[in-house]
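Peer 1: Here is how the chains run, residue by residue.
Number of protein chains: 2
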Amino acid sequence: MTNTFDVLGIGNAIVDILTNVNDDFLSSCDIPKGSMQLVNESESNGLYKKLGQCIECSGGSAANTIASLASMGSKTAFIGKVKRDQLGAVFKHDIKSLGTSFTSVAATDGPATAHCLVLVTPDAERTMCTYLGACVNLTTDDIDEDVVSNSNIIYLEGYLWDPEPAKAAFRKAIDIAHKAGNKVAFSLSDSFCVDRHRAEFLELAKNDIDILFANEDEVKMLYSTDDLDQAVKQVQQDCDIAAITCSAKGCIVISKDEIVNVAGNQVALLKDTTGAGDAFAAGFLHALSNGKSLAECGALGNLIASEVITHIGARPDMDLKEFVAKNT
Amino acid sequence: MTNTFDVLGIGNAIVDILTNVNDDFLSSCDIPKGSMQLVNESESNGLYKKLGQCIECSGGSAANTIASLASMGSKTAFIGKVKRDQLGAVFKHDIKSLGTSFTSVAATDGPATAHCLVLVTPDAERTMCTYLGACVNLTTDDIDEDVVSNSNIIYLEGYLWDPEPAKAAFRKAIDIAHKAGNKVAFSLSDSFCVDRHRAEFLELAKNDIDILFANEDEVKMLYSTDDLDQAVKQVQQDCDIAAITCSAKGCIVISKDEIVNVAGNQVALLKDTTGAGDAFAAGFLHALSNGKSLAECGALGNLIASEVITHIGARPDMDLKEFVAKNT
Chain G
1 MTNTFDVLGI GNAIVDILTN VNDDFLSSCD IPKGSMQLVN ESESNGLYKK LGQCIECSGG
61 SAANTIASLA SMGSKTAFIG KVKRDQLGAV FKHDIKSLGT SFTSVAATDG PATAHCLVLV
121 TPDAERTMCT YLGACVNLTT DDIDEDVVSN SNIIYLEGYL WDPEPAKAAF RKAIDIAHKA
181 GNKVAFSLSD SFCVDRHRAE FLELAKNDID ILFANEDEVK MLYSTDDLDQ AVKQVQQDCD
241 IAAITCSAKG CIVISKDEIV NVAGNQVALL KDTTGAGDAF AAGFLHALSN GKSLAECGAL
301 GNLIASEVIT HIGARPDMDL KEFVAKNT
Chain S
1 MTNTFDVLGI GNAIVDILTN VNDDFLSSCD IPKGSMQLVN ESESNGLYKK LGQCIECSGG
61 SAANTIASLA SMGSKTAFIG KVKRDQLGAV FKHDIKSLGT SFTSVAATDG PATAHCLVLV
121 TPDAERTMCT YLGACVNLTT DDIDEDVVSN SNIIYLEGYL WDPEPAKAAF RKAIDIAHKA
181 GNKVAFSLSD SFCVDRHRAE FLELAKNDID ILFANEDEVK MLYSTDDLDQ AVKQVQQDCD
241 IAAITCSAKG CIVISKDEIV NVAGNQVALL KDTTGAGDAF AAGFLHALSN GKSLAECGAL
301 GNLIASEVIT HIGARPDMDL KEFVAKNT
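Protein chains in written order, with this note's numbering: chain G, 1 to 328; chain S, 1 to 328.
Bound-form chain G, shown alone (with noise of 0.2 Å):
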């Protein structure tokens, strides 16, 4: 394949503000642990105050993807929407400082560039208070056509069923690139989205995803099941390739013709799992795109979600091309 990029990412263009809580105030502030909740301005900034000292640091679900696969070598764009204010110039600049094309117009009115609060409890978990803010003006006009037949294969985040008009956005770069021969790929995101949207995930598995990546609880969640090997039967039946992670055992990897358990790294100090799905599926996507076999992309998926969780932030710190390098 030449097309100009490996992989496109399509996807909520977030900031996130990253705070470590104890279990208790979770409880206390009635926020389901390992979540990601959708939040207003004033539900956000109710939480924020109680917060203690945070960090920020761009993140994003498809767009953590992406700038990982950049940070490894792959040829990487990016489409999501922020204003024109601090946080989105922050945004701009990350995405952009790996080499990842990003040319999605800045909103110039409207609601200021989304943010999630990441609470991070002792154990690593994440749990999440996502204000969606610019990302509700994602809409087709933004699905730069020549991009997208551009782009071997273009990842979509599940998040972005959430906000509205993105849909229809979504549904236009998926008709985009299955007509330009490319792949769709696409990640549940979180239980609680696929539980939003099941019955439209449902569709969207049968119909126009060849890559589907989930955790153990999202896979289960969209067929409806508490046996995961009846889930695994099922996504065998819809994609092509599917990836399940499950935590520090792994990930399993499905394709029609078979399906690989792929044991997971250890990590010697957990400290925030944020992002770890999401480098999951840049580690596979980039082994994807280099032609390796499905047990070495999710080899390669597992390394990267190892690195990621060893510090605060759902991005790489380092050269993920030197980590790689060290690692294999």
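There may be inaccurate statements among the hints.
Unchecked claim - Computed Cβ-Cβ distance ranges for the label pairs, DEER-style:
no., chain 1, residue 1, chain 2, residue 2, range
1, S, P32, G, G34, 44 to 52 Å
2, S, A263, G, N265, 37 to 45 Å
3, G, A199, S, S27, 52 to 60 Å
4, S, C29, G, K49, 36 to 44 Å
5, G, S27, S, L202, 54 to 62 Å
6, G, G99, S, D24, 12 to 20 Å
7, G, G110, S, C29, 30 to 38 Å
8, S, R171, G, A248, 57 to 65 Å
No wet-lab data here; the hints were simulated from the structure. All residues carry an ideal CB built from backbone N, CA and C; glycine is no exception.
Given the coordinates of chain G, work out where chain S should sit on it, guided by the hints.
Peer 2: Just chain S now, with coordinates in the frame of chain G:
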């Protein structure tokens, strides 16, 4: 002493933008390693474009000290100027989140909230390029007489000498503090900063400063000598108390009666020295506020500095009350 606050910090209100660079990058940009340079908006933007992915967190030298003091349980206040923008909201949130009183009115027009591009090299040394932004609008009007006269110690940073109008604010605060019988502590901030303002800093040291903080380079620069012992003798004449930090070796604490060397703490993983001096001052002042000996003040300063340099960012990333309890 029964004042409302143990320590009031007055300083530049800055959000740090941190990233990793290598030594060649500093050379290619002609930035002296380890320095704090002032840059204008266009220089800052030009440099920012060349940087890889960054993280943002609240900074500012005196503000960092106050944050660590608050985390240890000192009663604190801070005076500094932000603009009413997104990074200003970040700064305000973070300084207040630990219980510090912060009532400085944000500017509604003029330059944006200040930021500092912090370039961290593989040896964990930090090199800083600061855009002062809204800090240039700190004036005598911002010096709240009630707060100053109700603070046992006011803590001022040398960097505050850079934005011209802040000098008058600085002098007003010193006058109020001394009239109220309170102590004035001062950090020399940076040897380049001392070089810019040496004559005035010497006058301050002789006439106005009760407690002086400096590192070896700064105190030698102040007294225009290459001989540390010589500088120590001079500062002993000028100030009631001085604390000279000597990187990993620890610190020298100086009063009229004694000169005490306090050995530094072993650090397993040195990651980013940003804020080491600020953290030292916090530990020192917290112990001083609690009636400890000068050797104990130096030891607590060393301990708090040893926490801050094990992670990215200039402020503690854990509850320092717990950290101190575990390590003393």
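Peer 1: Take the hints in turn and mark each one as holding or not.
Peer 2: Here is how each hint holds up against the structure:
1. S:P32 x G:G34: 44 to 52 Å: holds (46 Å)
2. S:A263 x G:N265: 37 to 45 Å: 39 Å Cβ-Cβ, so the 37 to 45 Å window holds.
3. G:A199 x S:S27: 52 to 60 Å: holds (58 Å)
4. S:C29 x G:K49: 36 to 44 Å: At roughly 39 Å between Cβ atoms, K49 (chain G) and C29 (chain S) fall inside 36 to 44 Å, so the hint holds.
5. G:S27 x S:L202: 54 to 62 Å: holds (56 Å)
6. G:G99 x S:D24: 12 to 20 Å: With Cβ atoms ~19 Å apart, the hint holds.
7. G:G110 x S:C29: 30 to 38 Å: holds (37 Å)
8. S:R171 x G:A248: 57 to 65 Å: holds (59 Å)
Every hint from the earlier list agrees with this structure, and none is contradicted.
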